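Following the hints, put chain B in place on chain W, whose structure we already have.
Protein chains in written order, with this note's numbering: chain W, 1 to 116; chain B, 1 to 111.
Since the hints were made in silico from the structure, they are not lab data. Each hint can be trusted.
Covered, in the sense of this in silico footprint (three residues per stretch, anywhere, with C-beta under 8 Å from a C-beta of chain W), are these stretches of chain B: (1) 42-49; (2) 99-109.
Just a few of them, taken from the derived set where beta-carbon distance is under 8 Å, the chain W residues facing chain B: (3) G42; (4) L43; (5) Q44; (6) N56; (7) E104; (8) Q105; (9) F106; (10) F107; (11) P109; (12) G110.
Restraint ranges, calculated between C-beta atoms of paired labels, are given here: (13) W:R67 with B:M80: 38 to 44 Å; (14) W:L11 with B:A39: 17 to 23 Å; (15) B:Q2 with W:R73: 27 to 33 Å; (16) W:S79 with B:D52: 39 to 45 Å; (17) W:S86 with B:I17: 36 to 42 Å; (18) B:E55 with W:Q17: 41 to 47 Å; (19) W:L83 with B:E41: 24 to 30 Å; (20) W:T38 with B:S27: 23 to 29 Å.
Note that this is a predicted model, so its numbers are computed, not measured. We put the beta carbon where it would ideally sit given N, CA and C, even for glycine.
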Amino acid sequence: KAGVTQTPRYLIKTRGQQVTLSCSPISGHRSVSWYQQTPGQGLQFLFEYFSETQRNKGNFPGRFSGRQFSNSRSEMNVSTLELGDSALYLCASSWAPLGQGLDEQFFGPGTRLTVL
Amino acid sequence: GQNIDQPTEMTATEGAIVQINCTYQTSGFNGLFWYQQHAGEAPTFLSYNVLDGLEEKGRFSSFLSRSKGYSYLLLKELQMKDSASYLCAALAGGATNKLIFGTGTLLAVQP
Numbered sequence: 001k002a003g004v005t006q007t008p009r010y011l012i013k014t015r016g017q018q019v020t021l022s023c024s025p026i027s028g029h030r031s032v033s034w035y036q037q038t039p040g041q042g043l044q045f046l047f048e049y050f051s052e053t054q055r056n057k058g059n060f061p062g063r064f065s066g067r068q069f070s071n072s073r074s075e076m077n078v079s080t081l082e083l084g085d086s087a088l089y090l091c092a093s094s095w096a097p098l099g100q101g102l103d104e105q106f107f108g109p110g111t112r113l114t115v116l
Numbered sequence: 001g002q003n004i005d006q007p008t009e010m011t012a013t014e015g016a017i018v019q020i021n022c023t024y025q026t027s028g029f030n031g032l033f034w035y036q037q038h039a040g041e042a043p044t045f046l047s048y049n050v051l052d053g054l055e056e057k058g059r060f061s062s063f064l065s066r067s068k069g070y071s072y073l074l075l076k077e078l079q080m081k082d083s084a085s086y087l088c089a090a091l092a093g094g095a096t097n098k099l100i101f102g103t104g105t106l107l108a109v110q111p
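Isolated chain W, as found in the complex (with noise of 0.2 Å):
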């Protein structure tokens, strides 16, 4: 069985510039999480998303969005991207949504952004 995958691995974009990050989770798995992981700030949790629709959400600009399709792919887009948006951005899915019945939860490996 094939793990989270996250494309692509590595980013280097420029202030004022858009991202678009994709996760694909594991066969079956119908919530995709995403996750911001920086030095300073630990592991922010940034939305869940679970048959198409946004379920949960943290504490992030409108900046940040996302969207799952009906193969429960995921992609997270950052918009007018500033410095300390460089992070490790990390997805994860599991087949229960967050707080229902989750058994477990597997992450992908992350996808590393540098905004210069």
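Structure of chain B alone, referenced to chain W:
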């Protein structure tokens, strides 16, 4: 406010038992997660507790007390490979759920 507290660092000896504590204060509570993260790697899900009590999974156990806002992760028969950061996260309720992470506990297992 919403807050998760866990020790920054801990040291333990190979073969021993270690308990990593986590206290939380959230507006609404829908469960407590524990993750393991080795340096340079993605986190690995360890456990999810929503009811009070102890849940055991092999060498790892996780305990939750909702009334005390307290959880711990218990690691038995420590191995060198258990050296990692352990993250506690609370699923806070409200109009939408938010997963709030602690800063992580860096565990060093020594021979």
